[in-house]
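Peer 1: Listed below are the residues making up each chain.
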Amino acid sequence: MAETKTKYNGSTEQPKGGGPGGPRGGFSKPKNLRATLLRMFGYLARRPVMLVAALISVVVSSIAGVAGTYALRPIINDLTDAVTAGQSVLPSLVPGIARLVGVYMLMALCTYVQSNLMAQLAQKGCNQMRKDLFNKLQELPLNYFDRHTHGELMSRFTNDSDNVQMALEQSMVQLLSSAITFVSTVVMMIYLNALLFLVTVVLLAVIIFLFKKLGGISRQYYRKQQSALGEVNGCIQENIEGLKVVKAFTHEEAMRTEFRELNENYRSAATTATVYSSIIMPINAQLTNVGYAITAAIGGALAIFAGFDVGGLVSFLTYSRQISQPDSQISMQMTTMLSAMAGAERIFEVMDAEPEVDDGKVTLVQAHWEGDALLEGKEPEGQRQHWAWKVPDESAEGGFRLVDLRGDVRFHDVCFGYVPEKEVLHHIDVYAKPGQKIAFVGSTGAGKTTITNLINRFYEIQSGQITYDGIDVRDIQKDSLRHSLGAVLQDTHLFTGTVMDNIRYGRLDATDEECIAAAKAANAHSFIRRLPNGYQTMVTGDGANLYQGQRQLLAIARAAVADPPVLVLDEATSSIDTRTEALISRGMDTLMSNRTVFVIAHRLSTVRNSNAIAVIEGGEIMEKGSHQELLDLKGRYYQLYTGQFQLT
Amino acid sequence: MIRRIFSYARQYRRQVILAPISVILETSGELVLPLLMAAIIDRGILAGNLSVVIRMGVYMLLLAVFSVITGAGGAKFGAEAAIGLGANLRQHEFEQISKFSFADIDRFSSASLITRLTNDITNIQNFVMMCIRMVFRTLTQVIVALVVVFVLEWRMGIIMVIAMPILAALVGFIMVKCHKLFERMQQKIDELNEKIQEDLVGIRVVKAYVRENHEEEKFQVANNAFTKAGLAAVLRIIALNPVMMTGMTIVNALVLYFGGHMVLSGAMEVGTLSSVLTYIFNILISVMMLAMALLQYVRASACARRVFEVIDTEPAIEDGTVADLPAPRGRVEFRNVAFKYNATGSGDDVLTDVSFVAQPGQMVAIVGGTGVGKSSLVNLIPRFYDVTGGSVLLDGMDVRDYPLEQLRARIGMVLQSNILFSGTIRENLLWGDPNATEEQMNQAAKEAQAYDFIMSFPNGFDTHLEQGGVNVSGGQKQRLCIARAMLRKPAVLILDDSTSAVDSATEALIRQSFRDNLKDTTVILIAQRISSVEHADQILVLDDGTIAGHGTHAELMANNAIYQEIYWSQQEGVQQ
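These protein sequence lines are chains A and B, in that order. Under our numbering, the first residue of the first sequence carries the number 1, and numbering increases by one thereafter. Under our numbering, the first residue of the second sequence carries the number 1001, and numbering increases by one thereafter.
Chain B extracted, bound-state conformation (with noise of 0.2 Å):
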């Protein structure tokens, strides 16, 4: 995982290298300021001589701007390539989720996606900061006090020798299930979290059933998960503290004992006596940063492997390779369609046994109840999935041999969910064709009937839209889609029962600047209204997955009775 994280520093290796060194410099600096002190009292004050005293002091100051400059290296080194590492990261998790599939985008949800692309990124980068500068430091503060410590007595560094691995496996001991508990715990937050989120976002409905109780028992259920896994993984860390400190200790009194009657006997000189006590210090300071890395750790992991799990995604839908494209007409085919969207799940077929024929040109309604397959059936045709069962066919060519961008660039499609995005409408009108020009753009928004409107505005096609184009009413987006899809000039134009917020009038006037403006190409229209479809070449109706009814809107009228059922349920009402 480690090494998996370290190997997005690619541009930034000299910082990765450099950052280490000028952390093991700094710290090894540091370190031999108690020899210096050693030396103060050993030859200097024992030995009354100021001079040793004020060079030892000079050599001290030096030591300390020595440490400034690399330390600050470290920080430079450090800071560039973790924060050019989580950029990287983020950079690739973003690629890659640009390439998702919408059977990709619906397994992870958007809001997980984002996460994944915000904090999670956040967390690794902080961890590989840390652990450039933690790690580094204490590992080298551990290694040259042990050297020290062997260079002045060697018999000292022996008791430490024999310490260490015992100080080491205690803490090992404690933190090796602080990894899983640790998780535990994040894992319980983020169950308390979606808990509260939930509560706020249906306040109304709980308490329109008068659910508080019911609600608040359920918090709890969660407060008390969340501080027990809490509980638990801290009280196992806070160990930690008491068991160093009582080695340390032991190996204090140990060093004092035979260093002291080592002086005594005139084997060792009293400062150097003091002089190992402050590394038993540094080093017991620094094995406790270690384990405190290694906690950060926990955490990064679990995000690494939630950012590699997205990476790690294989599209579900494979680009296809034929070259050789037919002239784009916009005929499409379904052959003995069928689809569900999870393929191994235990629901039923959303879509079975789907055939019809769209000809160029040709205008195909699509009508049935609420969640029949719809809008699953129409996004079979520019893939944004795949049929589980028989094959759909663009102008003769099944649409999983196309490129898909080849594929996409043919057909015009208005989603369900309108989506504008910040920007002009300018901006947003251009997504249809990024060459177009301001006729074909003015004359695609007067197709969609969006340009009296648009003029309407002070600044016309340089109206800022707000994210989600929440600055515009329901109609005009939908207007402005489109006209964003038409201008793409596409062989086959889909449109997702999308002029249901555009109020009758207007949308009769689409529909005739269809029939007057788009004479070639094949238009596939969901709608609910029958006055939408009524004048269409061909009418499917949709019912429980399979076409119940395929005909014009006379013939359905006199043959099919879920058609009729359809008719008769919108005739006193909004009536023409």
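Chain A extracted, bound-state conformation (with noise of 0.2 Å):
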């Protein structure tokens, strides 16, 4: 609930692809200009030829498409000297024509080379910078993920990379392009009648001017339709989410009456929002129009006083009509290429993050005893696989040598905080021989999930050691250690596909059957079956579709699959009630037996049997023992026990 909180409130999240509506309400302008430039071109700039040829084409057409309007001067002149001159032999018109048409087909073809390439270009490059971006969230910690809301990291995907796409696809290339039109459009006014110039940059300067006045008073009404926006969205979310409960109270009247009401005021809002950002429109046309009105008229007196050419005047005309396009273009590539940029250097900051350090050199493999001697390669088939731990040891034959894994994990004054400056674990002292069971019981917060996090190494210590079969877990392969570690963690999370493949992502190689035995152990199958189409129902959005217990049971079965040496179950069974916990308690046996397990729970019942148990509170064990120990400290653990302490 809590990331999509964040999703629907106001103007987070865009719709894809942005669409007309107000002016923005002021972009974030991004820090670093020049290198985030760079790096955005560097995703151009993988297709090199591509890239030159796409460059030479927009020069070309932009050229082109100013040669075009100049090259109707010398037809108009040859048409008036022949008129005013009363001509009667014809001139050809022809030649004056075909270069006409030539140059104009000329921007045509490349035109559509550049826009092929630079869609191309675009399209792929964002596809390669999607790629790394995904690539990098996965290999980045998970307190990276605990500091950036899912909604923060989406909108990298939906909103900045859209932007990105955008402004690679169009307006790099027309930003380009409209300098190039605007200096040479410029450039022949000036050739055509300085004088005539000097009037259209008076009259340029006013518009501009203006625009910038009313964009102002625009935005001011923009951020209240923002706040109007936000209001009735969030009424909607929690009204929707818990529309259940609304029903169940027959409070449906109320809630209508409450939306109407802020859907009524979001109305009035972004009308009078909307009404002044869209007067812009027509007010800035209309400018332009009177500009071209007082350059004709001007225009004209010059042709009848200063003996400007006709053909010159038609032109410059189109010139200065046109002179105000590029203008405004460039004004709004430019707001598109910055607010693009901005999202690029947000993307460019997840890519840059620093990732999960993994510079173990133990590996996991699959080994078997050959009397004595411990050898790298599988057991026959149809035997229970062993693994060992390949330690890099220079002394060693072949640079190695083999640890047997056996799932001896012990924790020496380990020391922990999500954030360096507030410990929750203080000098954790914990030790599982293999093929124990090691629980912890404490109230919610006291730091057990903690515990379990950095068994997988999910979070790094900041002192103490964790070692698993002697060998320091910072020293192990990341992949390695977690490939030998099975968890059936305390939010479950089930993936879009059917329940057969969230079972099988335990293990991406395991038969059906494998899995509806693994199903079976969990005790799922029976619910499974019941579901609309069995094994092949579908899961959607992460099981919103199965009942949290369900889920719990998909997880158990997942972790069945995956067969892993070690397993950590955290709170894995806490939406499970207690007789089904005990049906399962046969698989999970089966489950349990020859590993070492890590038991997280709220329900003793669920961890009386262990070995050993651990009373977290505070971030400190307060106890240690096995239940019968524990019970004859009379203690915490025995005030749990006998119901005269609650955990909360």
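Worth flagging that the hints you see were computed from the coordinates, not collected in a lab. Some clues are possibly wrong.
Each computed DSSO-like pair below joins lysine-lysine, with the alpha-carbon atoms no more than 27 Å apart [said to hold, decoys possible]:
| id | chain 1 | residue 1 | chain 2 | residue 2 |
| --- | --- | --- | --- | --- |
| 1 | A | K224 | B | K1076 |
| 2 | A | K224 | A | K212 |
| 3 | A | K213 | B | K1076 |
| 4 | A | K131 | B | K1228 |
| 5 | B | K1177 | B | K1188 |
| 6 | A | K124 | B | K1177 |
| 7 | A | K136 | B | K1218 |
| 8 | B | K1446 | A | K244 |
| 9 | B | K1188 | A | K131 |
| 10 | A | K433 | A | K378 |
| 11 | A | K361 | A | K433 |
| 12 | B | K1218 | A | K131 |
| 13 | B | K1228 | A | K136 |
| 14 | B | K1228 | A | K124 |
| 15 | A | K634 | A | K624 |
| 16 | B | K1180 | B | K1218 |
| 17 | B | K1228 | B | K1218 |
| 18 | A | K624 | A | K433 |
| 19 | A | K378 | A | K361 |
| 20 | B | K1188 | A | K136 |
| 21 | B | K1489 | A | K244 |
| 22 | A | K124 | B | K1188 |
| 23 | A | K422 | A | K624 |
| 24 | B | K1218 | A | K124 |
| 25 | B | K1180 | A | K124 |
| 26 | B | K1099 | A | K244 |
| 27 | B | K1076 | A | K212 |
Using the hints, build the complex out of the two chains.
Peer 2: Written out as structure tokens, the structure is:
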């Protein structure tokens, strides 16, 4: 719920691809313009030949566009001369027209080549960028995900990468093309008539000034609109998510009334904002027209009194119309560019984040015994597979020695905090001998889950040491470490796919039979059968169509399929009733036999038969020992067990 | 579709009509401009007449002022109409959803309903706004330009008339598949986003199982599919530009050639020729704009389809119509009830052949494993779902015959997912009964063992709860939900595993208060702990969707294996 909350509030998440709608309520500007631009450009430059070809096309088509307008001049002049001179000999129009057609066709061709190439470059570049980003996300440590909401990271892929793609595909080229057009138009205009050009400059300045002023006013209204929208969306989210309760209390009418009010507020705020922002458009257009009229009048005067040629005037007027286009294009594209670069910068920030530290050299290998010697290689088919750590050792033969994977996990004086300033675990000493079941009990927030998060090295400890079969876990390659650990985590997550796919997530090459056997062991088989399509039922939206208890059973089945040497069960059965828990206990026992198991549970019946139980409160181990020892101690565990003390 | 969208502009009919008129006037005004230009050249400059130049200049200025006024009008009416339409549509959809049954909510999922109420409506609204402005603007431009060209020089007009359909056909040819291509691209975007979201949410599982590469592969498949679909759409649309440009250049060349000759032969003036060229340029831009508007329609129509799908959903549960209702006493009877969520799916029944009677004032407890159908069973009483076989009766009448509001008014329900709403504790409790007095509210809070902790907050009943009630603990939340349900003074009170987060001592107090204060209320209770159910008048043991045991605690302990198992599974552990 926490993730979705940020999502629909106001403008944090905009519809894909944006859309017309008000002006941007101020965008965040990129901090390091140059570096970001270069890096963004780097994604285009992966195909240099295409890029160069595209750029050449841009230049050619822009110049051709300007030249095309100029090509009108000789034709019109010829005609004017012919008419004023009363010539009866017809000048041939064909060469002039042919020139004109040639220039425009060249422009059309180049425009196509350029937009085709840029589309490919941009789409492929962004594909690569998204891929880099996603792959990077997989490498980031968990505390990165703790610090950033899902909504925030999602918008790197949606809004930000969308903006970048848009900018790469269009804005970059259009900026260049507009700049070329602008400059060459200016050159042509000065060439045609410098005096008239001065008039144009003054008019342009006035237009730009007015445009800026109006934009400022409309931004204020836009902000009001956004806050009204936030309220509407908040109301929608809360009521739709709680719709079942609304209905249970027949509260529909009150809900509708509230919504009607907020909806009306938004409507009036949005109307005001939009009216202001869209009035700018016609004003701008007409200002341009007025400018055009003034230019035309003055130009006309010049033609009469200063001998300015008519063909020149026609071309000049066309230019004066065109010059406001690249100008407004440039300011529009600059806005897009800047917001794209701000997006790109945020994307690059993620890409540059520190990945999980993984410099361990010890790897996990399959091994088998031959007499007393442990050798690398699989056990014969059908036998339970055996695992070993392959430790680099210069003195050993082949540079490696094999250490039998036994599941001996020890914490030596471990201190840890999610943020360095706030330590949550203090001087933890725990050891699990191979095949033992170690349980952690304690209140919510006592630090139980944290301990298990350290075993698979989701987080780095601040001091102390955790060893696995005598090897510091920091020396073990992360993938190998996690392959050796199976986990059923507190919040079970399922993935889009069938129920079968989700069980198979534990081991990708498991057969259907193995998955079903695992489901039976986890006692999930009977409810799966009753799902709309049995094992082929699609799980969607993180298993929203299943009960929490059912999801936990699936998570257990998933761990059973993985068949790992060491197992971490973090409140794996918290949402499963005691009887079902008792029913799956045999399956769980099989799952746990010959393995080292770490169990975290709220419910004492779950942990009773553990070899050792650690009672954790406030990040410290209060008591430690077997069930009987702890009862004899008559401490906190005894209180818990006899119901004198309740866990919160 | 468009017609249906615009039907939501009801009270904005004036704006819907005025907006296009303004736009048409504005555009027409703009289009007269080149005419004045022609006059300046032909009658002013070429004739060496300055006064004509100045007069025409003034006309142009006036025309611009006219266009600003009409343009502003168009913008205003357009915005009012489009946003008003959006608000109406949003309102209608929201009200429709408020009538949904639980099955409908399940089918769409909350997340999807939220998107359909937010993003989708916004897209439609934007489309309408653009539609009003762009479509009418471009259409006017094309038509007026054509007319003017004809008036100026009909022979030039002929060239245009021949060229236009050819160009339109070309544009049509390019656009025809664009619709599908863009729809496909949108679909691929959704799939990609779904993939990312899922990875983010499940990142711990991904890491725990070292499935990073697996996820990367899945992502890349979706990523490539999106790029492929995107390229297919974009590459098609960019062909528009050069095709149009070529067409227009050819037209230009023809006009120049024939027009030039006409000028030379004295049949046409130079100014007219230059005006004709300007109009051609305008038409080119207009046709391209129209094509872009069509593209917007693709997206908007997909959104509209999703919105109308919601609006067109007839709630799966129809209101009962019997007016003559029995007196509320709280007798609940299940007669051979069968139920499954998807009546046509291949899944097994969730409940089969369930029959029992809860007499008024009795406490009936339901126990059983996870997913055996306990929640499904109680959800049938307030008709959150309808039975697929047999019947459920309240006070002797089938629940399907009750008007829903009357039915649910008799039932107090504490759902498994406890949801509180943002607002004060008082506001939340008053959901149970909006007309409750202060005293009644205090009483309900006391009965639910919530009074003490409420008063321990500095603001007591006026303490503000955040959305979802995140600032109270799980146990406190459950007690508030119980108080809310008790305030209803229902004939039947249903508690679906609603004291799981409350400690045993407090739970015992709540149970005691039920016995003392709800003597006439039928209580149906789902619980995990035997201690919660052992004092019930009857206990139903549910297993695999059927009643596997029925009786009192003592009876079941004597003869029901499942019940015994549940009992023993809890004996060592939390025990009183």
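Peer 1: The structure should be examined with respect to each hint, and the outcome stated for every one.
Peer 2: These are the hints, each one checked on the structure:
1. A:K224 - B:K1076: Holds. A:K224 to B:K1076 sits at ~18 Å (cutoff 27 Å).
2. A:K224 - A:K212: With Cα atoms ~20 Å apart, A:K224 and A:K212 stay inside 27 Å; holds.
3. A:K213 - B:K1076: holds (19 Å)
4. A:K131 - B:K1228: holds (14 Å)
5. B:K1177 - B:K1188: holds (17 Å)
6. A:K124 - B:K1177: With Cα atoms ~22 Å apart, A:K124 and B:K1177 stay inside 27 Å; holds.
7. A:K136 - B:K1218: holds (15 Å)
8. B:K1446 - A:K244: holds (26 Å)
9. B:K1188 - A:K131: Between B:K1188 and A:K131 the Cα gap is close to 15 Å, so the pair holds against 27 Å.
10. A:K433 - A:K378: OK: A:K433 and A:K378 at ~25 Å, within 27 Å.
11. A:K361 - A:K433: holds (24 Å)
12. B:K1218 - A:K131: Distance of about 11 Å is within 27 Å: holds.
13. B:K1228 - A:K136: Measuring from Cα to Cα gives roughly 23 Å; hence the hint holds.
14. B:K1228 - A:K124: Within the cut-off at roughly 9 Å; holds.
15. A:K634 - A:K624: holds (12 Å)
16. B:K1180 - B:K1218: holds (25 Å)
17. B:K1228 - B:K1218: holds (16 Å)
18. A:K624 - A:K433: holds (15 Å)
19. A:K378 - A:K361: holds (21 Å)
20. B:K1188 - A:K136: With a Cα-Cα distance of about 22 Å, the restraint between B:K1188 and A:K136 holds, given a limit of 27 Å.
21. B:K1489 - A:K244: holds (20 Å)
22. A:K124 - B:K1188: holds (15 Å)
23. A:K422 - A:K624: holds (25 Å)
24. B:K1218 - A:K124: With a Cα-Cα distance of about 18 Å, the restraint between B:K1218 and A:K124 holds, given a limit of 27 Å.
25. B:K1180 - A:K124: holds (21 Å)
26. B:K1099 - A:K244: holds (11 Å)
27. B:K1076 - A:K212: holds (20 Å)
In terms of the numbered hints stated before, the structure departs from none.
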